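Model the placement of chain Z on the given structure of chain S, informed by the hints.
Protein chains: 2
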Amino acid sequence: MRYELYYWPTIQGRGEYVRLALEDAGADYADVARRGNGESKMMAMMDAAKETPPFAPPFLKVGKLVIGQTANILLYLGPRHGLAPKAEPQRLWVHQLQLTIADFVVEIHDTHHPLGPTLYYEDQRPAAKKRTSEFWGERVPKFLGYFERLIDGCGGPHLNGRRICYADLSLFQIVEGLRYAFPNNMKRFERNVPRVIELRDRVAARPNIKAYLASDRRIPFNEDGIFRHYRALDA
Amino acid sequence: MRYELYYWPTIQGRGEYVRLALEDAGADYADVARRGNGESKMMAMMDAAKETPPFAPPFLKVGKLVIGQTANILLYLGPRHGLAPKAEPQRLWVHQLQLTIADFVVEIHDTHHPLGPTLYYEDQRPAAKKRTSEFWGERVPKFLGYFERLIDGCGGPHLNGRRICYADLSLFQIVEGLRYAFPNNMKRFERNVPRVIELRDRVAARPNIKAYLASDRRIPFNEDGIFRHYRALDA
Numbered sequence: 368m369r370y371e372l373y374y375w376p377t378i379q380g381r382g383e384y385v386r387l388a389l390e391d392a393g394a395d396y397a398d399v400a401r402r403g404n405g406e407s408k409m410m411a412m413m414d415a416a417k418e419t420p421p422f423a424p425p426f427l428k429v430g431k432l433v434i435g436q437t438a439n440i441l442l443y444l445g446p447r448h449g450l451a452p453k454a455e456p457q458r459l460w461v462h463q464l465q466l467t468i469a470d471f472v473v474e475i476h477d478t479h480h481p482l483g484p485t486l487y488y489e490d491q492r493p494a495a496k497k498r499t500s501e502f503w504g505e506r507v508p509k510f511l512g513y514f515e516r517l518i519d520g521c522g523g524p525h526l527n528g529r530r531i532c533y534a535d536l537s538l539f540q541i542v543e544g545l546r547y548a549f550p551n552n553m554k555r556f557e558r559n560v561p562r563v564i565e566l567r568d569r570v571a572a573r574p575n576i577k578a579y580l581a582s583d584r585r586i587p588f589n590e591d592g593i594f595r596h597y598r599a600l601d602a
Numbered sequence: 368m369r370y371e372l373y374y375w376p377t378i379q380g381r382g383e384y385v386r387l388a389l390e391d392a393g394a395d396y397a398d399v400a401r402r403g404n405g406e407s408k409m410m411a412m413m414d415a416a417k418e419t420p421p422f423a424p425p426f427l428k429v430g431k432l433v434i435g436q437t438a439n440i441l442l443y444l445g446p447r448h449g450l451a452p453k454a455e456p457q458r459l460w461v462h463q464l465q466l467t468i469a470d471f472v473v474e475i476h477d478t479h480h481p482l483g484p485t486l487y488y489e490d491q492r493p494a495a496k497k498r499t500s501e502f503w504g505e506r507v508p509k510f511l512g513y514f515e516r517l518i519d520g521c522g523g524p525h526l527n528g529r530r531i532c533y534a535d536l537s538l539f540q541i542v543e544g545l546r547y548a549f550p551n552n553m554k555r556f557e558r559n560v561p562r563v564i565e566l567r568d569r570v571a572a573r574p575n576i577k578a579y580l581a582s583d584r585r586i587p588f589n590e591d592g593i594f595r596h597y598r599a600l601d602a
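Chains as they are written, first to last, in our numbering: chain S, 368 to 602; chain Z, 368 to 602.
Next comes chain S alone, as it looks inside the complex:
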């Protein structure tokens, strides 16, 4: 089976959580919007009035099925590719972790866009600075501290014990992104979450992930995505 992933072609963004799962699984997929007129094809699918149009990218096409919302796509892919347990209680648990990561992603995005997603960063610098200060003072410790305790509580080395799950891949991406966007803050903070960092290293060393990160399929971080490096926000 060939998957078609639809996502903005120039950013990692929310699509990256799906890309990491597909890459780790060695799945056969096309990153549609990065080819030819793929981006217009993507926009046309969202404008469709009938059937089940997604609200926003990313979405995944599998045969006739179109699945939107990052966590929902991973819910579908996980048990099919050994990235989530098949039994319902554990499947819901891994999904719950992903939804908590998704909440964190929104807050990461809001550090540079506190006044709303349709304004430019340049038009909301002072607000961004305030929000970022609260982010590092309160929210990063709360979210990453939670994941640290989970790895500890389940005996590790992953969020859900011995076996990898897609939420581990997403947590890897969170660490990578925070390192890119806030190198100074992250450098100071990492000592508080050694198990999260160890998990990050473990994911980075997985052969398919390693190959992916070294390939041009991995779009570099930049200032259009979720994780943006603005020096003014990284004291």
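Just so you know, these hints were derived from the structure itself, not from any lab.
Errors might be hidden in some of the hints.
The list that follows gives simulated cross-link-like pairs (lysine-lysine, DSS-like), each with its CA atoms no further than 27 Å apart [as the list claims (entries may be wrong)]:
1) S:509 / Z:428
2) S:408 / S:431
3) Z:428 / S:453
4) S:509 / S:497
5) S:497 / Z:497
6) S:408 / Z:509
7) S:496 / Z:497
8) S:431 / Z:453
9) Z:428 / Z:408
10) Z:496 / S:496
11) S:497 / Z:408
12) Z:431 / S:453
13) Z:408 / S:509
14) S:496 / S:509
15) S:428 / Z:408
16) S:453 / Z:453
17) Z:496 / S:428
18) S:509 / Z:509
Bear in mind that the values here come from a model prediction, so they are computed numbers and not experimental data.
The following block gives chain Z in isolation, referenced to the frame of chain S:
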């Protein structure tokens, strides 16, 4: 089976999407934190280092299973109570709708808390005003317009066609909340989404929902929840 719902006892908040589903289903449940020492019991469950501690309320206890994240709880409850189809493609679709509603809920909350969830509204009034203006100018039309087109595209009267689903109950709550928080803005806007309003009326008329709304189990809207009425934000 008896469900135990754990959520903050004095607000509707994110727990309300679960309460509406349990009430519509006529399910046997206890709203634990609203009784005796229920709130300390809830806090203790989140502090548990082992097993599967939720990041935040709401969470639902079903026997030994503890499910966190609003949309995840509804994913579990939906097909068991006739509030979502059992077949996977349609089950994922309804979940996708719920996740889109969850994204909207975050943006609604951010209108009064753009600089972060741990500061008071009183400390971020000017930023809240800016964010709210972007919210009504860009985001409400985008989100509610999307749901309007879905009801139209599927033939209605619900989001997923003839049969009710939990996302319909959540969309009802969105309309109720926007009417409470922004009566002036909402009054002007409603004419743009007649099908969404019709769906709201249809949900309100369901016997179990009607009885619930008239009962003291329904906590009134107030300025500690997601939907807050601040006159300065409702031009």
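Verification of the hints:
{"no.": "1", "hint": "S:509 / Z:428", "result": "holds (23 Å)"}
{"no.": "2", "hint": "S:408 / S:431", "result": "holds (15 Å)"}
{"no.": "3", "hint": "Z:428 / S:453", "result": "holds (20 Å)"}
{"no.": "4", "hint": "S:509 / S:497", "result": "holds (18 Å)"}
{"no.": "5", "hint": "S:497 / Z:497", "result": "holds (15 Å)"}
{"no.": "6", "hint": "S:408 / Z:509", "result": "holds (20 Å)"}
{"no.": "7", "hint": "S:496 / Z:497", "result": "holds (16 Å)"}
{"no.": "8", "hint": "S:431 / Z:453", "result": "holds (18 Å)"}
{"no.": "9", "hint": "Z:428 / Z:408", "result": "holds (12 Å)"}
{"no.": "10", "hint": "Z:496 / S:496", "result": "holds (18 Å)"}
{"no.": "11", "hint": "S:497 / Z:408", "result": "violated (34 Å)"}
{"no.": "12", "hint": "Z:431 / S:453", "result": "holds (18 Å)"}
{"no.": "13", "hint": "Z:408 / S:509", "result": "holds (20 Å)"}
{"no.": "14", "hint": "S:496 / S:509", "result": "holds (19 Å)"}
{"no.": "15", "hint": "S:428 / Z:408", "result": "violated (43 Å)"}
{"no.": "16", "hint": "S:453 / Z:453", "result": "holds (17 Å)"}
{"no.": "17", "hint": "Z:496 / S:428", "result": "violated (40 Å)"}
{"no.": "18", "hint": "S:509 / Z:509", "result": "violated (31 Å)"}
Checked against the numbered hints given earlier, this structure breaks hints 11, 15, 17 and 18; the rest are met.
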